[in-house]
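Could you slot chain W onto chain E? The hints should help.
These protein sequence lines map, in sequence, to chains E and W. 16 is the number of the first residue of the first sequence in my numbering; add one for each residue after it. 1306 is the number of the first residue of the second sequence in my numbering; add one for each residue after it.
Source of the hints: derived by calculation from the structure; they are not laboratory data. Some hints here could point you the wrong way.
Which stretches of chain W does chain E cover? Using the computed rule of at least three CB atoms under 8 Å from a CB of chain E, they are [to be verified]:
id, segment
1, 1428-1438
2, 1465-1472
3, 1548-1562
Cβ-to-Cβ under 10 Å is the rule here; a few derived chain E residues that face chain W [what the hints assert, rightly or not]:
id, residue
4, M43
5, G98
6, F101
7, V120
8, F121
9, I194
10, V248
11, L256
Here the structure is a predicted model, which is why all the values come from computation and not from measurement. Just so it is clear, CB atoms sit at the ideal spot from N, CA and C, and this is done for glycine as well.
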Amino acid sequence: MTTLAPPAVRVDQVPTASRERGGSVLWMTMPALLMFLAFGLIPLLGALGLSFTTWDGIGDIRPTGLTSWKAALSDPGLPHALGITFQIMFLSWLVQTPLSILIGVFIAARHRYRGLLAVLYFIPLLLSSAAISITYKAMLDPNFGIGSGLGISALNQDWLGDPTLAMGVLIFVVSWQFIPFHSLIYQGAVRQIPIALYEAAQIDGAGRLRQFFLITLPQIKYTIITSSTLMVVGSLTFFDLIYVLTAGGPGDATRALALEMYQKGFMANLMGPASCIAVILVLVGVALAQLLRRLGGRGDESQMEGM
Amino acid sequence: MATIDTGAHRRITPARRKARSNWLGGTFGWVWLLIVMLPIYWIVITSFKTQANYFVTNTFAPPSTPTLDNYRSVIENDFVRYFLNSMVVTVGAVVPAVVISFMAAYGIVRAARDRRVRSINSLFLTGLAIPLQAVIIPVYLIIIRLEMYDTLLAIILPSIAFAIPLSVLVLANFIRDVPRELFESMRMDGATEWGTLWRLAFPLTRPALVTVTIYNALAIWNGFLLPLVLTQSPEQRTMPLALWTFQGQFGINVPAIAASVTLTTIPIVLLYAVGRRQLLSGLTAGFGK
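Bound conformation, chain E alone (with noise of 0.2 Å):
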């Protein structure tokens, strides 16, 4: 497919009203709208369509009806995939969000070393989810990592080898790499929030917490939904990182829907199967992202809108 543009000139523009002009320009949408529709919407119908036919990733596809919904329903693979994801969507967010909002207003205020911390702040968004996943496999080594480097015994552990922890560190690790991202956002919503509000709290008696409460949060209250948004549905799609920091395991204690589908696709080719739990992942997503602008209450002029 290609992406050459029509040639520039159009003879036949003598455009007044703005509806004309409506016309002329809408081509120029269409380079974007073609490679759009070819791997991002029908592929996308292509999931639901493949959801009700058997294919082994090779051979021919046929078209089954509701087998396949009934082999992925009917496997417990599926509910426990669910239930790790939902797990380390409800963690991640719970162990960010504050942190984020904290380091947020932190990094906000004036200061001399605002710019140095948001540079460094970012690295960790630079890094490839593969390389920060080896990094941490190295470096939680239970015989060479971390626990005998900083000579604490206690972090002498089998981070990687026990289920708990398994969960615990992956929770962390995706923290290590998000949390710097969603505190620059909360920078951005703190500075954007009139001096004159504290001011006035300030000369009513107000305390730096109370001012926080009643006025800070208040007035984030829409970047915490649109962070809340990125990071709950962002949750649903974590794959390189966990599979190559745990690879699902130990057993399949971080087997999350995205890793069980690629599975059950990629390595046990039942297509069929993975397909609708693609779909799964999509509704799901498409739910959270609702109901959060629900509890935003902000309606249709939010510039998320398709989040």
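Same frame as chain E, but now just chain W:
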């Protein structure tokens, strides 16, 4: 630069008022910095250690006899090929993605009253909610049918598609801020829409274009799932996938793994160093509303 002066926050002057006594955030901000930097410090110093040295010295101590051997063995293991593959995929996807997203964003802003354009825009917005994982199986099928499996183009095409929604959103928000009068006067001067796009919107939108370019480059450079599913042979491996296979290949040779992690990260850190200000301000402006 002075030492860490937390006392400065307590000075009550109007300008510093907001920073004055957020000791909780302050303490935690610095602790978090330590948490962020520790693994990065660890991976870099480990990459300069010999394997023997790694096992006997304290893991956080700098190497007693720094060596470049790890880097040498990583580079000898086809690192250059993987690096070039990643470059081809990233440039090959980001440039067309940004160009067509920019055109689309321009069209969406200029024809905001056109119902067709509005529905195209809401399609793109819906796209923000589509996770790559959800469509990977059909994309795999399409790539096989197009006979592009195990080529770099197989990674590039879906990467372009998935860069579009957010790019259009950010760019359209930016173009919307261009005063309408400027467009009108361009039109009076007889400029075509295409001319207006390039000579007016393009220069004025440049900061947002840089933001979107860096953001997409980051995502695509670090992409893992598409290369994993759509390629197979070592010749088509990109860096994140190569990292993963290095890990298996080098086994317990942690310094070599550390060197490969460091090497794959350097290009993106350089890119960040160049476009940092733009990226940060673009991101905070784009999301912090």
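*Are there three or more residues in the segment 1548-1562 of chain W whose C-beta lies closer than 8 Å to some C-beta of chain E?*
Contact hint for the segment 1548-1562 of chain W vs chain E: holds, 5 residues under 8 Å.
*asked:* Taking 8 Å as the Cβ threshold, is the statement that the segment 1428-1438 of chain W is covered by chain E upheld or broken by the three-residue rule?
replied: holds (count 11)
*asked:* Taking beta carbons only, do three or more residues of the segment 1465-1472 of chain W come closer than 8 Å to chain E?
replied: holds (count 5)
_Residue hint V248 of chain E, partner chain W, criterion CB-CB below 10 Å_ = With a closest approach of 7 Å, the V248 of chain E hint holds.
*Using Cβ atoms only, decide whether L256 of chain E comes closer than 10 Å to chain W, and label the hint accordingly.*
With a closest approach of 9 Å, the L256 of chain E hint holds.
*Identify whether the interface hint at F121 of chain E stands, where standing means a beta carbon of chain W within less than 10 Å of its own.*
holds (3 Å)
*Using Cβ atoms only, decide whether I194 of chain E comes closer than 10 Å to chain W, and label the hint accordingly.*
holds (7 Å)
*Going by Cβ atoms only, is G98 of chain E closer than 10 Å to chain W?*
violated (18 Å)
_Checking hints one by one. Is M43 of chain E an interface residue toward chain W, by the C-beta closer than 10 Å rule?_
This interface hint holds because 4 Å falls under the 10 Å limit.
*Going by Cβ atoms only, is V120 of chain E closer than 10 Å to chain W?*
holds (5 Å)
*Does F101 of chain E pass the interface check with chain W, least Cβ-Cβ distance below 10 Å?*
With a minimum Cβ separation of about 16 Å from chain W (threshold 10 Å), the hint on F101 of chain E is violated.
Hints 5 and 6, counting from the list given before, are not met by this structure.
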